[in-house]
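All chains, full assembly: derive it from the sequences and hints.
Number of protein chains: 2
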Amino acid sequence: MSEAVFSFDHLDRFSKNIFQKMGCPVEHTNLAAESLLRADLRGVDSHGVARLSGYVRLWKAQRINSKPTIRIVHESPSTAVVDGDAGLGLVVAPQAMEIAIAKAKLAGTGWVAVKNSNHFGIAGHHAMMALPHDMIGMAMTNASPLVAPTFSVERLLGTNPIAVAIPAGKQPPFVADFATTTAANGKLEILQRKEKEAPLGWIQKKDGTPSSNPNELKDGGALIPLGSDREHGSHKGFCLGAWVDIFSAVLSGANYGPWVPPFVAFLNPPTDPVGQGIGHFFGAMRIDAFRPADEFKKHMDQWIERFRSAQTVAGEEKLIIPGDPEREFESERKKKGIPLNKKVVADLKELAQEFKIDF
Amino acid sequence: MSEAVFSFDHLDRFSKNIFQKMGCPVEHTNLAAESLLRADLRGVDSHGVARLSGYVRLWKAQRINSKPTIRIVHESPSTAVVDGDAGLGLVVAPQAMEIAIAKAKLAGTGWVAVKNSNHFGIAGHHAMMALPHDMIGMAMTNASPLVAPTFSVERLLGTNPIAVAIPAGKQPPFVADFATTTAANGKLEILQRKEKEAPLGWIQKKDGTPSSNPNELKDGGALIPLGSDREHGSHKGFCLGAWVDIFSAVLSGANYGPWVPPFVAFLNPPTDPVGQGIGHFFGAMRIDAFRPADEFKKHMDQWIERFRSAQTVAGEEKLIIPGDPEREFESERKKKGIPLNKKVVADLKELAQEFKIDF
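Residue numbers (the working numbering), protein chains in the order written: chain A, 46 to 404; chain B, 46 to 404.
Treat each hint with caution, since some may be false.
Any copy will do: because identical chains look the same in the list, a pair fits if it lies in one copy or spans two.
Claimed, not checked - As a list, the in silico DSBU-like pairs of lysine-lysine whose alpha-carbon atoms are at most 30 Å apart:
1) Lys-263 with Lys-363
2) Lys-394 with Lys-215
3) Lys-239 with Lys-66
4) Lys-363 with Lys-250
5) Lys-379 with Lys-232
6) Lys-363 with Lys-251
7) Lys-215 with Lys-241
The set of hints was computed from the structure by calculation and includes no laboratory data.
Below is the structure:
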């Protein structure tokens, strides 16, 4: 798939224009573009501007409210539940994370469950908001049901990612951000474009038997929880996905499990909702609520240095610290621009034409 | 391996006698026996009375202090760091969890990092302490390094389990409790006893190549993070294990990574410690810090009922809700007793003889 390269500024300006055309107030426009572009910068191409037209279609279908009143509906010293008012998850999430950070300043930690939201981009971006405050950040979200729990043929969970961002001293922060499935849906999309087969253990057929067809989900197949099969611990991946679902939605009052509304506008949400919109869960923990931050950072440096210098298996250069590859992408793409594949470029051009703006 | 069956009361009394002989005060004796026996009841045979002689050997080696002064060394409204004073993890952990619960009563949530502790038994037991308080409980711990991160041949992490216990209404609680490796070490021990091979993806040889030999760890091999290999997401299992290690030890001031002292008394702890003892991390979240508990429980019931009734793959009776198998074990073994294999019985008899008590 041939690619064209665009500067960060170009795509940032374009995304802001689109969010503005959707009617987002300017503060929301900035937050949304920042969340969205962070995915492109960090190499998570499936969650960046490639999704812009998807958000627009949900807005047209009146499933995204571009002028939400995002508010706390319940709270304690260290917790809050936020109603996203059907806003863009790209806006609701950073606002909820700010509340978690504010709670942590006073109570040591802050934990915010969110209902009535939409797809929030990459979890890692929100978790990383805690870092400049010398806090550990956490972010998780439920998502459209595409995953069959161990022993099941039904798609009951989303790829439900978890992100944990932990500050260090001289070393860059530790940033884990991963789907709780063997492979994220974005990995399948790459194989579909390249017309390649998927490894066994990523996908199952409609009847639950193994499949290597990356298009299997279109025929009723499902993604598999991290672990691939029971013998290799897929029940643990199911535990992780279930945990994210319950924290994000049962705690907040959002839809959970198979009731989570689909991201794609051409599929209607279930007619018997059990809550409002999709759910997220955020956490912020002040380091010095546990020990002095400089002491902690000194040990995080030592942790990272020890692991990074570990002896590797033959043929592998180094052990990868969570966050390393994405940080390298970010630094490279800020300088050299963001490559987009032909299909995404065509998609953005169509949006430009529709909204009568330049691309 | 032939087995004999013992009543809960018999093993409970025996364990209490042993802890008493070690010099534990009576409150600690009760807490320790409760933590230990819970593993046997719940079918986690590797973590119950089978480990009793291991604790005794560590105490003899002066690595376990039977009369610890367990105290808070740092705190905020929602957090604390606890120094376990080299006590039995079986005692330190429930005391730390009580602190998390007390914090949650006032601040909505409570988060306790523990240093200077020892092996704490099963994580699920401690997490479940939150349930009667209408709280969600979490427990994690680091452990002796047996696990090689993705791309590495070095054993840098323990099997670092995570437990999450979530109350429901009419349904029994959701209780996930799992090692962050493809298979827990206890699974290898079962294969060793049965002289069976392990599935590929559980273990690697000293040079990092795949192995099916359950004794491979004795030759410098390593357990593998959940996911089995890079293509199937072992880097995500590594993220999980690393997260547990950092929360348990870098936040608290315990030893982390390859510096975690070994559980077995015949291996000495590293001579260049980076902290004190092993580390744990506990959390308690009051349900009504998010939404009314009865509302939450109604939805948890619906979540559990929907998942439990999901359509299964051919040949599988039902989808397993986390906590179901352990609860069934617990109810069965309370009634019919706890089966112990011959080697464990011999071990306990030896302890009885040594301490001049009945078995």
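Outcome of the hint check:
Taking CA atoms no more than 30 Å apart as the test, Lys-263 paired with Lys-363 passes between copies only; the shortest distance there is 25 Å, against 38 Å inside one copy. For a Cα distance limit of 30 Å, the shortest separation of Lys-394 from Lys-215 qualifies neither inside one copy, at 42 Å, nor across copies, at 54 Å. Taking identical chains as interchangeable, the C-alpha atoms of Lys-239 and Lys-66 are never at most 30 Å apart, the minima being 34 Å within one chain and 67 Å between chains. Taking the shortest Cα distances, Lys-363 and Lys-250 sit within 30 Å of each other only across copies (18 Å), while inside one copy they are farther apart (36 Å).
Taking CA atoms no more than 30 Å apart as the test, Lys-379 paired with Lys-232 passes inside one copy only; the shortest distance there is 23 Å, against 47 Å between copies. Only between protomers do Lys-363 and Lys-251 lie at most 30 Å apart by alpha-carbon distance; the minimum there is 17 Å, versus 39 Å within a single protomer. Taking the shortest alpha-carbon separations for Lys-215 and Lys-241, neither the intra-copy value of 41 Å nor the inter-copy value of 47 Å comes in at or below 30 Å.
In this structure, the hints that do not hold are numbers 2, 3 and 7, in rising order.
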